[in-house]
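K.L.:
As given, the protein sequences belong to chains A and B, one line each in that order.
Residue numbering for the first sequence is 1 to 213, as defined by this note's numbering.
Residue numbering for the second sequence is 1 to 215, as defined by this note's numbering.
Be aware that a few hints might be false.
The following label-pair restraints were derived from C-beta to C-beta distances [unchecked claim]:
no.: 1; chain 1: B; residue 1: K99; chain 2: A; residue 2: E87; range: 35 to 45 Å
no.: 2; chain 1: B; residue 1: I97; chain 2: A; residue 2: V194; range: 44 to 54 Å
no.: 3; chain 1: B; residue 1: G19; chain 2: A; residue 2: M125; range: 27 to 37 Å
no.: 4; chain 1: B; residue 1: K143; chain 2: A; residue 2: P184; range: 26 to 36 Å
no.: 5; chain 1: B; residue 1: P200; chain 2: A; residue 2: E87; range: 58 to 68 Å
no.: 6; chain 1: B; residue 1: I102; chain 2: A; residue 2: F81; range: 31 to 41 Å
no.: 7; chain 1: A; residue 1: F81; chain 2: B; residue 2: M119; range: 37 to 47 Å
no.: 8; chain 1: B; residue 1: W186; chain 2: A; residue 2: F77; range: 39 to 49 Å
no.: 9; chain 1: A; residue 1: Q92; chain 2: B; residue 2: I189; range: 27 to 37 Å
no.: 10; chain 1: B; residue 1: R150; chain 2: A; residue 2: E87; range: 50 to 60 Å
no.: 11; chain 1: B; residue 1: R91; chain 2: A; residue 2: P88; range: 25 to 35 Å
no.: 12; chain 1: A; residue 1: A183; chain 2: B; residue 2: T60; range: 19 to 29 Å
no.: 13; chain 1: A; residue 1: R26; chain 2: B; residue 2: M113; range: 47 to 57 Å
Keep in mind that the hints were calculated from the coordinates and are not lab data.
From the three backbone atoms N, C-alpha and C, an ideal C-beta is built for every residue, glycine too.
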Amino acid sequence: MTYYIENIYICLAAPLLVSIMYLRGRKRAPMLFLLIGMTVCLLSSYISTFAAAVLQTTLVTASVEITPIIEESMKLFPILFYLMVFEPKKEQAAEDVVALAIGFATFENVCYLLTNGAADTLHLMIRGLGTGTMHLACGMIVAGGLLMLWDRIYLRFAGTAGMLCVAMTYHAIYNLLVTQTGAPAVIGCLIPIVTAGSLMILNPQIHKYLKKA
Amino acid sequence: MIEIVENAAQFAVVSICCGISFFFFAKRHSRLWVLMTLFYSSFLLGLLYWLLYLLFYGYTPQFRYISELSWYTSYLFLAMVLHLLADPAERSIRSWIPKLTIVFASGMCVLYMHYSSWMSNILSTVVMSLLMYQAVRGLIYHKKQKPHGRHIWLYRAVLLFCSAEYLMWTVTCFYWSDTMKNPYFWFDIQQTLCFPLFLPAVSVLEQPAKAVNAA
């Protein structure tokens, strides 16, 4: 069956768009970042497909070696724009980055469901949790790093490039593991959950550092 | 097989260093240890990706950008550590000798471009030039200071690290074999041994750097 991701995007984006128009003040930001996350996911899929075709690679090679670079770069651009133009408070910016990552993961999971079917509940639960948490963990890595390194100009540029590369490699390791079968795939799905858990435990340390800085 | 074993040993060493560095960050909440943890962790991630790819597929990645970007990022974080630790007077030193590192890195870049991707080589040249420039500049400045013990160990370790990297790249251009006869593995061991050297060198310099930044 043929399906068009643009149409799926319209269906998912419409209620968010309405809520953005309806809500007022700070409540609007999470909805907006969810929508931006979905949009970025749509654009990333176009660019990844194009890059894979140009480089003449297989689907697996593309997902392990090309897609992480494109997806993480695409996720970073709106965050950078937000940080540079609106100069939000550190905690607020971190929350918005997480909302963007969730938007991205949601749209990716919906596309995955349409391609691979929705029959196997256990597999979908692992996949949903794994991918969803992976994008969340990447978002948290970038957000945490940027907020820690954002206050000095030399750290700002090098730190941004650095955190982007860290997120790309993390994403690539996840993709590399989940494309395998058996234990590596299970470990791959568990890595983001463990990372997100560790980052939540580390949250007080990061906040202490941010207050000190 | 030897490449997997050697990379696994390097992975173990860098993991321990990353853990120690994170411990110092959790204890002291200083920017220096954030950068050191990022240096080790980004190198570790690149290495993990490389190692897993080797284990699963038996050969190295077709497009090496992910691991390479990760490694260059870690060098960038190390360069930021050097920048943070440098005295204000050290940053304004006027000498032509540090600039030779840029000439050296550019020359090597031209050589390596015959064998691998130009984009990756340009990135590595920029990062390595930055790292070596700061290390040589610091070495020149602190050799003139009396007493000159503290900073010199860090700069020497950085130069030893960079030399291992350049020797590895150069060997790869002309010779490859998966045995211990390959000099690539000797220099990789040299690089592995450099990682723990940074920890005491940075730890010793933390207090004076705090005083300079506060002043």
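K.L.:
Run every hint past the structure and note whether it holds.
P.N.:
Hints versus structure:
1. B:K99 with A:E87: 35 to 45 Å: holds, 37 Å
2. B:I97 with A:V194: 44 to 54 Å: holds, 47 Å
3. B:G19 with A:M125: 27 to 37 Å: Cβ of B:G19 to Cβ of A:M125: about 32 Å, so the range 27 to 37 Å holds.
4. B:K143 with A:P184: 26 to 36 Å: violated, 51 Å
5. B:P200 with A:E87: 58 to 68 Å: Roughly 39 Å apart at Cβ, these two residues miss the hinted range, so it is violated.
6. B:I102 with A:F81: 31 to 41 Å: holds, 33 Å
7. A:F81 with B:M119: 37 to 47 Å: violated, 25 Å
8. B:W186 with A:F77: 39 to 49 Å: At roughly 43 Å between Cβ atoms, A:F77 and B:W186 fall inside 39 to 49 Å, so the hint holds.
9. A:Q92 with B:I189: 27 to 37 Å: About 47 Å separates the Cβ atoms of A:Q92 and B:I189, which means 27 to 37 Å is violated.
10. B:R150 with A:E87: 50 to 60 Å: At roughly 38 Å between Cβ atoms, A:E87 and B:R150 fall outside 50 to 60 Å, so the hint is violated.
11. B:R91 with A:P88: 25 to 35 Å: holds, 32 Å
12. A:A183 with B:T60: 19 to 29 Å: holds, 23 Å
13. A:R26 with B:M113: 47 to 57 Å: holds, 51 Å
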